[in-house]
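Chemist: These protein sequences, in sequence, are chains A, B, C and D. Taken in order, the first sequence gives residues 1 to 184; the numbers are from this note's numbering. Taken in order, the second sequence gives residues 1 to 94; the numbers are from this note's numbering. Taken in order, the third sequence gives residues 1 to 1005; the numbers are from this note's numbering. Taken in order, the fourth sequence gives residues 1 to 417; the numbers are from this note's numbering.
Label pairs and their in silico Cβ distance ranges: (1) B/ASP30 with D/ALA210: 34 to 44 Å; (2) B/GLU79 with D/ALA6: 56 to 66 Å; (3) B/LEU11 with C/ALA521: 56 to 66 Å; (4) D/ARG164 with C/PRO943: 39 to 49 Å.
Hints were generated in silico from the structure; no laboratory data involved. All values derive from a computational prediction rather than experimental measurement. Glycine is no exception: its CB is placed at the ideal position from the N, C-alpha and C atoms.
One-letter residues, chain by chain:
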Amino acid sequence: MGESVEREGALDLLATATRLAASGPEARLVLRVRPAGVAAASSAFGVDLPTMPCRAERAGACAALWLGPDEWLLLAPAADEGCVAAALEDGLAGHPHSLVTASHRQTAVVVDGARAAALLAIGCPLDLDLAAFPVGMCTRTLFAKAPIVLWRQGVARFRIEVWRSFAPYLWQVLDGGLREGLAE
Amino acid sequence: MLLIPCPWCGLRPEIEFSYGGEANIARPADPAALTDEEWGAFLYLRTNPKGRHAERWRHANGCGRFFNAVRDTVSDFFETTTKPGELPPSGGKS
Amino acid sequence: MSEAFRTRDGGRIDRTRPRSFRFDGVGYQGLAGDTLASALLANGVHLVGRSFKYHRPRGVVAAGSDEPNALVGVWRDEASYAPNLRATQVELYEGLRAESQNRSPSLRFDRGAMAGLLAPFLPAGFYYKTFLWPRRAWARFWEPRIRAMAGLGRAPTLPDRDRYAQTYAHCDVLVVGGGPAGIAAALAAAAGHARVILCDEQAELGGSLLAETEATIDGMAAQAWLAEALARLAREPRVRVLPRTTGFGYFAHNFVGLAERLTDHLAEPDPQAPRERLWQVRAREVVLATGALERPLVFPENDRPGIMLADAARTYLRRYGVKPGSRAVVATAHDGAYRAALDLHRAGVAVAAVADLRPDPEGPLVEAARAAGIAIRPATAIAGTKGRLRVRSARLVRIGAEGEAGGGASAGETVGCDLLLMSGGFTPSVHLFSQSRGQLAFDPVSAAFLPARPAERCRSAGACRGTFGLAAALIEGYAAGEAASAAAGRGGAPGLGFAVTGAIDTRGGTLGATPHGRDAARVKAFVDFQNDVTAKDVKLAVREGFRSIEHIKRYTTTGMATDQGKSSNMNALAIAAVALGRPLPEVGLTTFRMPYTPVSFGAFAGFARGELFDPLRRTPIDPWAEAAGAVFEEVGQWRRARYFPREGEDMHQAVGREVRAVRQGVGIFDGSTLGKIEVVGPDAAEFLNRMYVNAWSKLAPGRCRYGVMLREDGFVMDDGVVGRMAPDRFHVTTTTGGAARVLATMEDYLQTEWADLDVWLTSTSEQWAVIALQGPRAREVLAPLVAGADIGREAFPHMSVRACRVAGVEARLFRVSFSGELGFEVNVPADYGRAVWEAILRAGRGFGITPYGTETMHVLRAEKGYIIVGQETDGTATPDDVGLSGLIGRTKKDFVGARSLRRAAMAAPDRKQLVGLLTEDPREVLQEGAQIVANPQTPAPVPMLGHVTSAYHSPTLERSIALAMVRGGRARIGEVLFVPMPGRVVKVSLCDPVFFDREGVRLDG
Amino acid sequence: MQRFSALSLFRQGLSGHRGWRAQWRSPEPKAAYDALIIGAGGHGLGTAYYLAREHGMRNIAVLDRGWLGGGNTGRNTTIIRSNYLFDESAALYDHAVKLWEGLSQTLNYNVMFSPRGVLMLAHTVHDVQVFQRHIHANRLNGVDNEWLSAEEAKAYCPPIEIGRHLRYPVIGAALQRRGGTARHDAVAWGFARAADAMGVDIIENCAVTAIHRDAAGAVTGVETTRGTIRAPKVGVVAAGHTSVVMAMAGLRMPLESYPLQALVSEPVKPVFPCVVMSNTIHAYISQSDKGELVIGAGTDAYTSYSQRGGLHISSHTLEAICELFPMFRRMRMLRNWGGIVDVTPDRSPIIAKTSVPGLYVNSGWGTGGFKATPGSAHVFAWTMAKDEPHRINAPFTIERFRDGLLIDEAAAAAVAH
Ligand SMILES: Cc1cc2nc3c(=O)[nH]c(=O)nc-3n(C[C@H](O)[C@H](O)[C@H](O)COP(=O)(O)OP(=O)(O)OC[C@H]3O[C@@H](n4cnc5c(N)ncnc54)[C@H](O)[C@@H]3O)c2cc1C
Ligand SMILES: NC(=O)c1ccc[n+]([C@@H]2O[C@H](COP(=O)([O-])OP(=O)(O)OC[C@H]3O[C@@H](n4cnc5c(N)ncnc54)[C@H](O)[C@@H]3O)[C@@H](O)[C@H]2O)c1
Ligand SMILES: Cc1cc2nc3c(=O)[nH]c(=O)nc-3n(C[C@H](O)[C@H](O)[C@H](O)COP(=O)(O)O)c2cc1C
Ligand SMILES: [Zn+2]
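With the hints as constraints, model all of the structure from the sequences given.
Modeler: Below you can see the structure in the form of structure tokens.
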């Protein structure tokens, strides 16, 4: 009993390519709460939960992504999963809510580089122009046939959250797009 | 691919949405009180109009919310979209 | 071969870069910058193809994508064979190989031309009138022959290796068409700092400017202006210019499809580079600047090689430096042809005559032609032409005051020529505008349909709007670009004027068949060249009662060829209008549809091929299964291990071994694909009460229950175990295939019917890896790995759930069974799935732990009579039908589907019900899907009582078993029925669907 | 009626085809008829034909808002088969196939019925179970349908790629040899001409705008863009527009109208010997006599009368086509179009009397009614003439939805092309 087992991510088996990177393990929590609980959740989590649609807030190593009017994806360092969850449950004690751990449900791919938006455009139907999709914007959307959460972290840096079983597909499409771009 | 105004997220491409059929068909509060005829109508009868259509969409690959819209089924242009609870211009229940 | 018809200088070809190529096996030389068509013409080759129906010899007619005749097959190797390409669009590269089509054995001697001899008996729609007898002759004899005659090129026979790319794009202003109007529009929008995409289907942008050698714009030669304008656009970071890119489809809400050709023009493309790219553009505003297409004239024998559009001839001369002949006759009703005549004349081509349909042509170009000594014949039409494989002469006849041509076969003057140019005027290219559902209006002055009321946010400019003058097109284009930019919320730069000199406005045009004075029933005056539709075919259709232009199109097939009637539709319409005796605008156009020109299937498919056709979803344990040699099956997008054969085992043997292992020892199974939904909130139980047939309120935390969910119409939709983790938290499982559907349905009810409930749904399907451990020794294997919970028989009975640690990892441990044995399902966070799996395997080594797959899982559950939704049920089964009415919460008033179950038909005694079947011969495994009847002797249609839903060899019972849905089945248990198979009948007896351990004692093990 | 034959074609050829007469008249509507049919698609025209021929009702008219055959009859992928699962459907569609087999001769119009075989591909274990169930049920119903291994399927249709490397490999197929295609336009025209010859008035450009009823609620006639027309019986056969027309009689229908697209490639020499359908990956393809590959796409997600659909729908279809037939990637789309299909909750049609006396409806054919044209018309004519359903269409009522007696081919087989 108590033998220790290793954690491995959905993308561990894939080779890395330039400008595509699989991000390491992270804590992910899906929080559902009505507007009355937002303030309490914000202070419990230490990040102001954005109430403006499709925006992400960051504080330190944590981030809160608006996914819906009563739905946030909370990101935190992997090691903090338990204490973050506990703090939120405490802080939200008076408010009906749902907090569900999804750390392993999805994984993240970071697309970084001058042509990041152009690369994403091969599968993402949204306008990724900086004016239409500014830094700090995040949303659920589709990448080709994979549902994703897309978050612009910098002018040329996007983070994609994707359910783990779709990750190889996403990766292959992006990788193919990269290679095509180089061949042209 | 239509461009659909989500009341929360703004104009977004159709493939992010799932269609929810005719709007304003509320599930009866007490189905047991309905005759077979009435229940059958609730389940299956649809207006299916040519022209203005009050309908439901869900921004399934976006904010995940259902909302109501009025669309012209001939031109496919949207007239309005409303959050649930907001009174749609057609005046019906949302 | 030498390029005998190449001019000494001029044109945009590169005379320093010769290109050799082969057409029908013969080697030729052309130049970089040529199209296949211009290179062939430079070599004096006019005969390039055969028509669709009569296999008539045909030559190049046009210079662009409107070409109806010069269709060729092009290939580098067989895998890259592409049929039906327009030679006018095929860019020449070193070593290009092309062949003509629809001919056998050769282009010059085509057996198919026999059809031409029979032509009098093959009018429009002849096939509807004959081949009726004998009855089977059509499909057996005639149809194959007609098919062999029809078709154009041949399809490729090997898989295409090329890649196809796709991208979405967004812009403020999309400009389709890069002629003067489109370029001006792009300049204006760029000046307003709009995001602009400008595309043109040709290799070079410029449109009509590419053949413009006289005009100046803002003091620069037109082509110099063009170069500068393009350079300016290239410097703009917010402007993207796409050559070789066709705007092919205009969809709702300003969504426009563009097809970009990337490598077809290269001699040695990089195999990694995509061949084509599909652009899906969402534009705030669209400017259409698609120009106009010249119309042929419809005169007798107007289809011989060497007969071409006047402006095309001019394009060949000016742009490609090719003289399309040595002695020309020009037939026209439009001033533009004079420009062509003059150009040819200056280039040394003899212009024998200009036959103008108009009684008194006038204007600067006419004067210039006259001054150049070109013979102009006003009020003159072409009554016929001669020449087998190339036009040899044309017969010119005068037209009388009534518009009728001088009669009699011998009347008129025969003029020898090897080139006949024709111009019936220009048809604005309103294809995309009309696709967008914009309304057209007929303009009697220009005798054209012009854009009238747009349906989308779009503007037309230039020749496509009937604005033909260069200066006017530039100004209009600029204004459109500016307005579009402003409408898109960008700046509108102040309007530019364009100073244009040397561009002469042209006028004129005619529609329909021209007079010829011959017996109309005997001459072939082609309207649609490719489909061999003649003026008399159109008239015949009208005579036969086809009054709608849509009927006429379909009966004659006019406009249905690969050029979609670009050059023919207006003429066909005019002929039909005359025959119908109705005004032309009233008869109207047929519907414009995408694509503007044909687009490769590959471009639509893009990267979605092979593995990327659809995401292949694998579980965290999948790599282990693969390494262990599992055989997989597809379940939705997932792949699941079906069984794990050992050396030399087939499925039957492997499954037998796996089943026995579970029944006698312990088996391990990857259940990770199961759908999981975390239902959380104070109203969670209430919500589930409404969604499921079961009652949940009394389910204690730490316990779980098998739930069934119906559609509102009362039929089973999904099932799965639901565990209560806490008073306000449920762990719901669904079938693998039903996961998304169940969650969507729950969201629908929750958000739109019961929005007041405090409960939320979160998909956790992929959060948890699920490892099922089943068999009498399961507890012994698992117990040492578990921390934080007592999983003993009493402390953790069947249908319990606990949060604990397994192999050091936080877990949700279920005590459930889908095998009928003592069973556990270990849910661990997915990243640990494989490690925990391997830890359990290690722990189980001493117990003979055996991995098993879905096939074994199916056998195990069938032995126990457990249903699979989608196999026992097919969307028409109620809970009672599958023996699950006991699950329905007795005290519940309502749940989704409850009301539907109360309808009389849902309780009818002869509904199909779940039963077990045993064959007489225990070795006989029934076929799933086989039907069950009472009397196999009845002739068809045999009344069927039901069907076999599942059938397996049961290793446990050492005999075959089956589940079936049978009418009134429960009441028939014990009866003998029959399963008729091809050529034999299998006797079966009906039994209880639970074959093994009916009392369920093993579950409590 | 002027007979069509090789001989008449030859004779006319000698005289420059001057002697052909109109295939149908263009009559002015009369004030009253014994029966009216709304919708001159194949089903409506066929209904008129059988009413005249089998029930002696000749004082009847078919009204259409546009040109006859311009609805879904003129825009479908022409797949004909009868290997449906449920007894009710098999009986209906096979009735039609039997009529197709002699239709050219019956109508004296070559509708080019071509039993080239319809191959339905199985890609998953579940597909195999479903297809086997169909095959067994069909056999007992006297409907041909046989199982082929993947290799046999490839031998029957060589362009199919069956390799294991496919994302969804072909693991077998069901083949109905009597299935095939027919020329869509010819079906409408052939019925129109034959009905016209028996005196049926076919009135084009005549949209029905209202349905008149008497005090007792019974139908008395219709209002049209060309005036009032009286009739004691009205049959609505308006496909995508059925809800709109039925609303004129105050009835709501269990129907929704969706855009359905199809497309053709440029014509090529014969390469494709049969019809291939794959419900799992959504590909439907055959080759027409003129050489185009005729390809059926999917419906859009939303209801619409726009007669066009989204680009992503055709792309999705062509992905599937390229996956199964990778040598067709270089083939090109020549034309794409849309129709409006009326879809019932169970994907089976409604051929029935209604609650309004004198009003009959034939609708809900959705994505798959072309194949049923002669059979549907035949039993609907019976229903209208006798005011009671024919044995074959008796189960296809509107009331089945109220009662839950669905004929759910969709649930049983995914789609119903
Ligand atoms: C793209 C596509 C592919 C298809 N593929 C197949 C296939 O492969 N196999 C198959 O079996 N089926 C197929 N179908 C379905 C098939 O086309 C239809 O089920 C069938 O043609 C319906 O015939 P119909 O005569 O009922 O309707 P239609 O041919 O649509 O006729 C209805 C007529 O009613 C008229 N009408 C409507 N409203 C009024 C009014 N108010 N007043 C007067 N007239 C009116 C319309 O103008 C129309 O002409 C397909 C359909 C589409 C759109
Ligand atoms: N009556 C006449 O004399 C006459 C007729 C036609 C053109 N013109 C000349 O044409 C000019 C008008 O300029 P314009 O810009 O309107 O037309 P244009 O013909 O110069 O340019 C149109 C351009 O659009 C492109 N195009 C068309 N459809 C397309 C599509 N679907 N996708 C991508 N590209 C497409 C063509 O390749 C072409 O380059 C004037 O200079 C005028 O002199 C005159
Ligand atoms: C089986 C079939 C084959 C067709 N073949 C062609 C064709 O070869 N060329 C063509 O232009 N259109 C073809 N069409 C499409 C019609 O031109 C037209 O698009 C269709 O009837 C719908 O009408 P609409 O586009 O006018 O709305 C075909 C249609 C069908 C149903
Ligand atoms: Zn949204």
